[in-house]
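Colleague: These are the residues of each chain, in order.
There are 2 protein chains.
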Amino acid sequence: MGDILVLNESQLRACVTLDRALIDEISQAFACLAGEGVVMPPVLSMAMPALNAEVDIKTAYVPGLPGFAIKASPGFFNNPAAGLPSLGGFMVVLSAVTGQVQAVLLDNGYLTDLRTAAAGGVAARYLAPEQVPVAGIIGAGVQADLQARALMLERPVGEFRVWARDADKAAAFAEGAARRWGRPVSVCADRAVLVRESQVLLTTTASRQPLLEADWLHPGLHITAMGADAPDKTELAPAVAEAADVFVVDRLSQSLERGELRVPLVEQKRRLRQAPVELAELCRQARSGRPSPQAVTVADLTGTGIQDTAIANLALRIAAGRAIGTMIENR
Amino acid sequence: MGDILVLNESQLRACVTLDRALIDEISQAFACLAGEGVVMPPVLSMAMPALNAEVDIKTAYVPGLPGFAIKASPGFFNNPAAGLPSLGGFMVVLSAVTGQVQAVLLDNGYLTDLRTAAAGGVAARYLAPEQVPVAGIIGAGVQADLQARALMLERPVGEFRVWARDADKAAAFAEGAARRWGRPVSVCADRAVLVRESQVLLTTTASRQPLLEADWLHPGLHITAMGADAPDKTELAPAVAEAADVFVVDRLSQSLERGELRVPLVEQKRRLRQAPVELAELCRQARSGRPSPQAVTVADLTGTGIQDTAIANLALRIAAGRAIGTMIENR
Chain L
1 MGDILVLNES
11 QLRACVTLDR
21 ALIDEISQAF
31 ACLAGEGVVM
41 PPVLSMAMPA
51 LNAEVDIKTA
61 YVPGLPGFAI
71 KASPGFFNNP
81 AAGLPSLGGF
91 MVVLSAVTGQ
101 VQAVLLDNGY
111 LTDLRTAAAG
121 GVAARYLAPE
131 QVPVAGIIGA
141 GVQADLQARA
151 LMLERPVGEF
161 RVWARDADKA
171 AAFAEGAARR
181 WGRPVSVCAD
191 RAVLVRESQV
201 LLTTTASRQP
211 LLEADWLHPG
221 LHITAMGADA
231 PDKTELAPAV
241 AEAADVFVVD
251 RLSQSLERGE
261 LRVPLVEQKR
271 RLRQAPVELA
281 ELCRQARSGR
291 PSPQAVTVAD
301 LTGTGIQDTA
311 IANLALRIAA
321 GRAIGTMIEN
331 R
Chain U
1 MGDILVLNES
11 QLRACVTLDR
21 ALIDEISQAF
31 ACLAGEGVVM
41 PPVLSMAMPA
51 LNAEVDIKTA
61 YVPGLPGFAI
71 KASPGFFNNP
81 AAGLPSLGGF
91 MVVLSAVTGQ
101 VQAVLLDNGY
111 LTDLRTAAAG
121 GVAARYLAPE
131 QVPVAGIIGA
141 GVQADLQARA
151 LMLERPVGEF
161 RVWARDADKA
171 AAFAEGAARR
181 WGRPVSVCAD
191 RAVLVRESQV
201 LLTTTASRQP
211 LLEADWLHPG
221 LHITAMGADA
231 PDKTELAPAV
241 AEAADVFVVD
251 RLSQSLERGE
261 LRVPLVEQKR
271 RLRQAPVELA
281 ELCRQARSGR
291 PSPQAVTVAD
301 LTGTGIQDTA
311 IANLALRIAA
321 GRAIGTMIEN
331 R
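So the protein lines, in turn, are chains L and U.
So the first sequence is numbered by the working numbering: it starts at 1 and just counts up by one.
So the second sequence is numbered by the working numbering: it starts at 1 and just counts up by one.
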């Protein structure tokens, strides 16, 4: 049996980064999801209240890719008190031919961060207005940085405004981001103002309360909401779904169960202006999901197993080409 | 962050084997399951019909153990045509304190085989009659061997009789087993006769059709049925559940969904003589589940995440003591 490749986080960081090639790869995986043959079971979620912790496990088989990933994302929320990050994780890649383990990706969540940002890039590609003089960011964590970078890969952005619950964190983020991105980045203390001034808004928090109200929306706005990935999380007021002209989801079943459609559609039985569209459809047809420059569009990203399988295959392809990693004899 | 230990199959085989210590370990994990604090989500099952393949993912947090396992069991049923085993798998152990990956166990399903057999040992400990002049085995695969060995660790067994769909395979198994076990092992071509002559019966197949009829049962018989672990598998005719004096399950929810109680209780609405008992209760109380020497008892084992977590912790404890394995820098 073939040897098994083990890659650690720094090796994976050397292989894969957030660029247009990664966004293409994730877009292609979504295009497959719209076709036949993808198998993506519901997320396995394990909450461990005694540990203040949870683990989500995702997987998906995507026809045409040599392997499929089984990915675990633990969140251990007592970790910061011990100086450790809350989030971690790993992926294991199994052969799509034999089921044998091909590789173990000890990424501590790095690949999850990237594939999440890349889905934001896909959403921007198909939904954002062509010109983005001002982009707003809600949140000041890893995804605030990555989602903004994904947007910049797809659209010219003039400047960024950022809001975060912790004003000091927002200020520090703005300062660092301005330097890293070579763009003006300012703090905006009022979310309503932030939304009204932005053509694209990125929400990137683990909020349990809506941070964005429907009456802040304005013609031409695109929102990518990537924070909600569990039934108790939400960033958008329920009326936002109703007010949007187009509501795009990465996976409808997940958005209804653990995303931004749960409260408006399942709990409150609201109606959308038109049926939600899966991002996969836009990718498959390579068509814009924006019906007019004035439309309000929303993309709700809950995170899908196909993204994990896509980025894992990409990482393996690159690592194999460069002979990076540790080989373990499979015997 | 601490380094990550990677162990391959041969290293794991050097660490863990089927013995009474392992059965004790699995019994203790079941005892925990009867108490507070165990978190064991439903199995994540992914069927890939285009590949003639499936993957089951199991996990469980067991209070008191330093890590918890995430275990994947792929079954790729075209593999034998290519000279490869159908079943494989791996476990990843996360710290129960930080969620960080502690170890990767590239066992190709070896630990799953062992922990499955050890649960059979636990069932024998609490349910089998004290004397077993004749034990019957249905099936001639890996679990036929392991379940018989687990039984011998718990009870004196005079001789074995074996039935398998493929008579040649049964004959080869009997010959090899007699040599390995130092006991008479004979083939029995008639399952009804096999059951009637046995005091303990072990069913170890992936059958989709019942192999054992209720009118073959007789006073004093104990049956451990470990084959059914998916909704389409069954080894026992539905009337067996009704006819048994005591019906023990490893996890009631799993037995109803993917074990031997699915057809009789969920589909056919039959009634048991008494409510099903979880093996965990017997382990917690360390009490026999056999009400009398004449009772007919059945144990249905579907396989649980606590067994994976228990054996993974055991393997790590032993490997750490012997400095076996490859350390990967977690950076």
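In case anyone wonders, no lab produced these hints; they're calculated from the structure.
Fair warning: this is a prediction, and the values are worked out from it, not measured in the lab.
We put the beta carbon where it would ideally sit given N, CA and C, even for glycine.
It is possible that part of the hints are untrue.
Stated by the list, open to error - Computed footprint of chain L on chain U; a stretch qualifies when at least three of its residues, placed anywhere within it, have a C-beta under 8 angstroms from a C-beta of chain L:
1) 7 to 17
2) 45 to 57
3) 98 to 106
4) 172 to 182
5) 271 to 279
Colleague: Against each hint, give a clear statement of whether it holds in the structure.
Modeller: We went through each hint and held it up to the structure:
no.	hint	verdict
1	7 to 17	holds (count 3)
2	45 to 57	holds (count 9)
3	98 to 106	holds (count 6)
4	172 to 182	violated (count 0)
5	271 to 279	violated (count 0)
Against the hints set out earlier in the document, violations occur for numbers 4 and 5.
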